[in-house]
Amino acid sequence: DAKTTQPNSMESNEEEPVHLPCNHSTISGTDYIHWYRQLPSQGPEYVIHGLTSNVNNRMASLAIAEDRKSSTLILHRATLRDAAVYYCILSVYNAGNMLTFGGGTRLMVKP
Amino acid sequence: EAGVAQSPRYKIIEKRQSVAFWCNPISGHATLYWYQQILGQGPKLLIQFQNNGVVDDSQLPKDRFSAERLKGVDSTLKIQPAKLEDSAVYLCASSLSQNYGYTFGSGTRLTVV
Numbered sequence: 167d168a169k170t171t172q173p174n175s176m177e178s179n180e181e182e183p184v185h186l187p188c189n190h191s192t193i194s195g196t197d198y199i200h201w202y203r204q205l206p207s208q209g210p211e212y213v214i215h216g217l218t219s220n221v222n223n224r225m226a227s228l229a230i231a232e233d234r235k236s237s238t239l240i241l242h243r244a245t246l247r248d249a250a251v252y253y254c255i256l257s258v259y260n261a262g263n264m265l266t267f268g269g270g271t272r273l274m275v276k277p
Numbered sequence: 129e130a131g132v133a134q135s136p137r138y139k140i141i142e143k144r145q146s147v148a149f150w151c152n153p154i155s156g157h158a159t160l161y162w163y164q165q166i167l168g169q170g171p172k173l174l175i176q177f178q179n180n181g182v183v184d185d186s187q188l189p190k191d192r193f194s195a196e197r198l199k200g201v202d203s204t205l206k207i208q209p210a211k212l213e214d215s216a217v218y219l220c221a222s223s224l225s226q227n228y229g230y231t232f233g234s235g236t237r238l239t240v241v
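Residue numbers (our numbering), protein chains in the order written: chain C, 167 to 277; chain V, 129 to 241.
Derived by calculation from the structure, the hints in this document are not laboratory data.
Please read these numbers as outputs of a predicted model, since none were measured by experiment.
Even glycine gets a Cβ: it sits at the ideal position worked out from N, Cα and C.
Heads up, some of the hints might be wrong.
Think about it this way: if two alpha-carbon atoms lie no more than 27 Å apart in a straight line, the pair counts; the simulated DSS-like pairs of lysine-lysine are [said to hold, decoys possible]: (1) V:Lys172 <-> V:Lys190; (2) V:Lys139 <-> V:Lys211; (3) C:Lys169 <-> V:Lys172; (4) C:Lys235 <-> V:Lys172; (5) V:Lys211 <-> V:Lys143; (6) V:Lys139 <-> V:Lys172.
Here are the simulated distance ranges between beta carbons [claimed, not checked]: (7) C:Arg224 <-> V:Val183: 24 to 34 Å; (8) C:Ser194 <-> V:Val183: 15 to 25 Å; (9) V:Glu142 <-> C:Gly195: 16 to 26 Å.
So here's chain C without its partners, still in its complex pose (with noise of 0.2 Å):
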C-alpha cells in the first residue's frame, strides 16, 4: 500500500485558513488520494478525495502537487467545529478502493 505522511498535530486559529500537509511520495499514476475528518465519538466522514488537478467542495480545497507527491487539505475559515483528526488516505481505484488510515493530523482549533 502507497504510504502517506502528515503531522501529528496542528493548530489554528478561529477565522483562519487552515493548511494540512501531506506527503506520499510513493504515490501511482491511479492512486486517489482521499481526506476524511473523524470528530470526537464519532466515524470519520469524507471531505474530499482528487486524482491530479485541484478540487474544490462545500467543505475544503485539496490542492495537488504538480508531481503528485505531495497534497494539501485546505479549510478557508476555521470554526471550533473543526477541530478533529484529518486523514489523508491513499486507494487505487478499481482495486477495491479499500482505504488504510494512518494516524492523521490533530487538528486544534483555538478561539
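Position chain V against the provided structure of chain C, taking the given hints into account.
Just chain V, lined up with the frame of chain C:
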C-alpha cells in the same frame, strides 16, 4: 438520506465471552466495510463486502472474528471468544460502489474486561 446505522452503541463483556455487532448500511450501497479502531489509532480495515460476497478479509482474525452480509444488505460482525485486546470501536461503513466515498456509522464501543 438516512446514515449508516450501528448497534449497540456500547457493549461491555468479560473476556472469553462472545459478542455481535450489527450494521445497516445506506440503502442501495453495494459495498460494506468493517473497521476496528483502537484508542489513539486510525481505523484498521477488517473486512470488505461487495453485495453479499467477501472482497477482502485478509486482516480479519478468523480464529475468533467472523462476519456475514446476508442478502447483501445488513451485516453482523461477531467475536468469539473475546480477548482484552479486542477493546476498541468497531466502525461500519458503506459506499455506493468501490469507487465512491465511504459513509461511516458512529460505531460500537466494545470494552472487554
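Going through the hints against the structure:
Only pairs whose Cα atoms come within 27 Å are accepted, and V:Lys172 paired with V:Lys190 is accepted, the gap being roughly 15 Å. For the hint linking V:Lys139 to V:Lys211, the alpha-carbon distance of about 14 Å falls within 27 Å, and the restraint holds. Distance check on the hinted pair: C:Lys169 and V:Lys172 sit about 14 Å apart at the alpha-carbon level, within 27 Å; holds. The hinted pair formed by C:Lys235 and V:Lys172 meets the criterion: a straight-line CA distance of about 24 Å does not exceed 27 Å.
Restraint check for V:Lys211 and V:Lys143: the C-alpha separation of about 5 Å stays at or below 27 Å, so the hint holds. For the suggested pair V:Lys139 and V:Lys172, the alpha carbons sit about 20 Å apart, so the restraint of at most 27 Å is met. Between C:Arg224 and V:Val183 the Cβ separation comes to about 31 Å, which falls inside the hinted range of 24 to 34 Å. Judged by the Cβ atoms, the range 15 to 25 Å given for C:Ser194 and V:Val183 holds: they are separated by roughly 20 Å.
Between V:Glu142 and C:Gly195 the beta carbon distance is about 50 Å. The supplied range of 16 to 26 Å is therefore violated.
Checked against the numbered hints above, the structure breaks only hint 9 and satisfies the rest.
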